[in-house]
Structures are given as structure tokens and as C-alpha cells.
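**Student:** Here is how the chains run, residue by residue.
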Amino acid sequence: SQKIEQNSEALNIQEGKTATLTCNYTNYSPAYLQWYRQDPGRGPVFLLLIRENEKEKRKERLKVTFDTTLKQSLFHITASQPADSATYLCAHPSSGYSTLTFGKGTMLLVSP
Amino acid sequence: DTGVSQDPRHKITKRGQNVTFRCDPISEHNRLYWYRQTLGQGPEFLTYFQNEAQLEKSRLLSDRFSAERPKGSFSTLEIQRTEQGDSAMYLCASSLDETEQFFGPGTRLTVL
Numbered sequence: 001s002q003k004i005e006q007n008s009e010a011l012n013i014q015e016g017k018t019a020t021l022t023c024n025y026t027n028y029s030p031a032y033l034q035w036y037r038q039d040p041g042r043g044p045v046f047l048l049l050i051r052e053n054e055k056e057k058r059k060e061r062l063k064v065t066f067d068t069t070l071k072q073s074l075f076h077i078t079a080s081q082p083a084d085s086a087t088y089l090c091a092h093p094s095s096g097y098s099t100l101t102f103g104k105g106t107m108l109l110v111s112p
Numbered sequence: 113d114t115g116v117s118q119d120p121r122h123k124i125t126k127r128g129q130n131v132t133f134r135c136d137p138i139s140e141h142n143r144l145y146w147y148r149q150t151l152g153q154g155p156e157f158l159t160y161f162q163n164e165a166q167l168e169k170s171r172l173l174s175d176r177f178s179a180e181r182p183k184g185s186f187s188t189l190e191i192q193r194t195e196q197g198d199s200a201m202y203l204c205a206s207s208l209d210e211t212e213q214f215f216g217p218g219t220r221l222t223v224l
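Protein sequences appear in the order of chains W and U. For reference, each letter of the first sequence is one residue, going 1 to 112 in the working numbering. For reference, each letter of the second sequence is one residue, going 113 to 224 in the working numbering.
Every clue listed holds true.
Here are the simulated BS3-like cross-link-like pairs (lysine-lysine), alpha carbons at most 30 Å apart as the crow flies:
1) U/169 - W/71
2) W/104 - U/123
3) U/169 - W/104
4) W/104 - W/17
5) W/59 - W/3
6) W/104 - W/3
7) W/104 - U/126
If you anchor each label on the Cβ, the simulated ranges turn out as follows:
8) W/22 - U/212: 18 to 28 Å
9) W/72 - U/199: 31 to 41 Å
10) W/59 - U/166: 29 to 39 Å
11) W/82 - U/166: 38 to 48 Å
12) W/82 - U/199: 26 to 36 Å
13) U/195 - W/20: 34 to 44 Å
14) U/195 - W/81: 37 to 47 Å
15) W/56 - U/208: 24 to 34 Å
16) U/129 - W/56: 42 to 52 Å
17) W/59 - U/130: 36 to 46 Å
18) U/195 - W/54: 38 to 48 Å
The hints are simulated quantities; they were obtained by calculation from the structure and are not laboratory data. From a predicted model like this one, the values you see are computed outputs, not experimental measurements. Cβ atoms here follow ideal geometry from the backbone N, Cα and C, with glycine treated the same way.
Excised from the complex, chain U in its bound form (with noise of 0.2 Å):
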């Protein structure tokens, strides 16, 4: 297995454009992570899948923010109407169970 993998890396994009993330986590790990991390901060918590089911959001998660797994392998993650603030590495997880977990190189995106 190689790991949770992320694409893109990098994404730049203007005001205004949405924006979709993927993430590919380790095969066998049933649970699914997003964060967001800016600089000088820690991973903030974004949302959490067990299998396909979304089971947490963040409260400061703005409905302009949706994340699916539908089968419950692969999630994405989209951003509409990108905002400058939302500039920031998006860091996805897998996991499974509650504790150790795997993180993906993050995808970071800078809007214009």
C-alpha cells in the first residue's frame, strides 16, 4: 500500500472559480478525514466519513464546502465560489479506528 494519496498538490485558481480535491486513503481504512491548515497553525478539522456516510461537519464549515465518498473509498472535496481566505493546505486522513492517523501530502490552494 502507498499511503493516502492527494491530487492536485498545488492548485491556483481565481475568486470566484470553484475547486475540487481528491483524496485516495489506504484501501482497508474505513475512516476518512479533511482538515484545513493554514500557516503557523495546526490541521483544523473539516469533516469526517465513516465508510460513505459523512457523519461530522465542522461548524465553521461554510455551505460553500461539500465533500462526498460515495462509494466509501475515494472522497472529494469541492469549494465553490473560492474565496481568497480560503487559501490554505487541505490535508486529508485515513484511519481505522479513532486513533493513529494517516495523512496525505495535502493539496495546497492559493486563490488569486
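Isolated chain W (complex conformation) (with noise of 0.2 Å):
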């Protein structure tokens, strides 16, 4: 079955810098990936979709890649600020393509 990992542990970063991370999947290649924001106790909020002709894409200062060879999107965000502090999902639609298989998320620490 389709597995989907991102990095379990919190990443802390320093305002400013750039946040780069990791989403993995296993098995077959999906459609697309989706990349959510969610804060404590709200639910997730989209954020961008990537298909799976495309390499890049961006969004003010969110870029997301995806790589079909690595098997791997990675998403970046630019200049970072502590209100950037959340948990991050990636998710790729499930077989069928009518729902959405999530990752653990990873958690982003901001710090001023």
C-alpha cells in the first residue's frame, strides 16, 4: 500500500532563514501532492498543490518541488517569521484519487 513520511521531529529555525521540508512517498507515483498548514486545535488549511508534470511551484514565499525519481516533494519557506510556526502535512490523493492519504506532518518551530 502507498505510504507517505515526512520527518516526525520538530524542525527549529531562526527568523529569517529558509524551512525546507521533507515528504516522502513509497510505491506508485501520485497525480499530485498537497501541502497543508494546520495550527493547535484548528483544522488543516491548504496551502498548494503540486502535479506531477510539474517540478516547481510557488506562492509568495512558499515554493514546493516535486521530484518523481526521488519519490520526494520538499517545501520551502523563504524568510521565515515566528507566525510561520505550525505543522506542515503533505498529502497525496488515495487510490481512486476522491480522498486524501496525510503524513504525520512536521511540526516548524519559528524562533524570533
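Fit chain to chain and form the complex, with the hints in mind.
**Tutor:** Next comes the structure, spelled out in C-alpha cells:
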């Protein structure tokens, strides 16, 4: 079965630095990957979607890459701010594409 | 539109009791999803509706769980004979298609 893995350890960085989060998947290549942000006690919020034929996608300070050879997506936040502190979830479509399978998420802590 | 809403936000119940949660999706969204999330984990898919039809159910979903979406608008999730292992955040999401999902704030269930 398809697995999606994110680094379960929290990532601590200083304000102004670039945060890079990793999402790895096994078995088949999904048609797309999605990234969500989740704050404590709240539902996830959609950030970006990248399709398998796209190598890179950007939105403001966010950048996502999709490497189908490495079976990996990288999520970058440039010029990070304390307000970026949250858990970031990677997700891909389940078989049939109707629903999503999420990774465990990586907690990002940005210190002033 | 005010987004996806869920009610109640918190529910404390005793083991063996039945509970019901409600989700009101974004009005023009025909797809509705239920997920369960425990601490340190990503959302885990439970079930999916397209309009009023329940099209997918997780194999992990116990027969104590039932969901309905009678008129293709709001949805309810009922858990019968609750167990302590049911304690989790129950998230509802809606979407127009198979990509971006909009999540509600969740219902936090505590089973004593």
C-alpha cells in the first residue's frame, strides 16, 4: 500500500532563515501532492498543490518541488517568521483520487 | 460564505454512550469528507460523500460508526457505544473536486 512519510521530529530554525520540510512517498507516483498548514486545535488549511508534471510551484514565500525520481516533495518557506510556526502536512490522493492520505506532519518552530 | 462549520466543537462523554457530530460544508461543495486525527498524527480518512451518496468508507471504520448526508448538504457522524479509543479530533472537509479540501475546525471528542 502507498505510504507517505514526513520527518516526525520538529524543525527549529531562526527567523529569516529558509525552512525546508520533506515528504517522501513509496510505491506508485501520485498524480499530485498537496501541502497543508495546521495550527494547534484547528483544521488543516490548504497551501499548495503540485502535479507530477510540475517540478516546482511557488506562492509568495512558499515553494514546493516534486521529484518523481526520488519520490519526494520538498516544501520551502523563505524568510521565515515566527508566525510560520505550525505543523505542515503533506498529502496525496488515495486510490481512485476521491480522498487524501496524509502524512503525520512536521512541526516547524521559528524563533525570533 | 463562512467556510466549513462543525458542531459541537468539544464533546465529553462516558464510555458506552452514543454521540453525534454535525458538519455544514461550504454551500456549493458537493463533496464532503470525514477524517479522524489523534495527537501527533495526520488526519485519517473515515468516509466520503458526493452529494448524498456515501461513496467510500475506510476499512478501518468500525460498524459503530455511521455517517449520513441526507439532502446532500450537511452531514452527521454518529458513534455508537463509544470507547476510550474513539477519543480524537473529528474533522470534516468539503471540496468542489478531488483537489483542494476545505476543513472545518473539528470536534474534539473525549471518552471517559
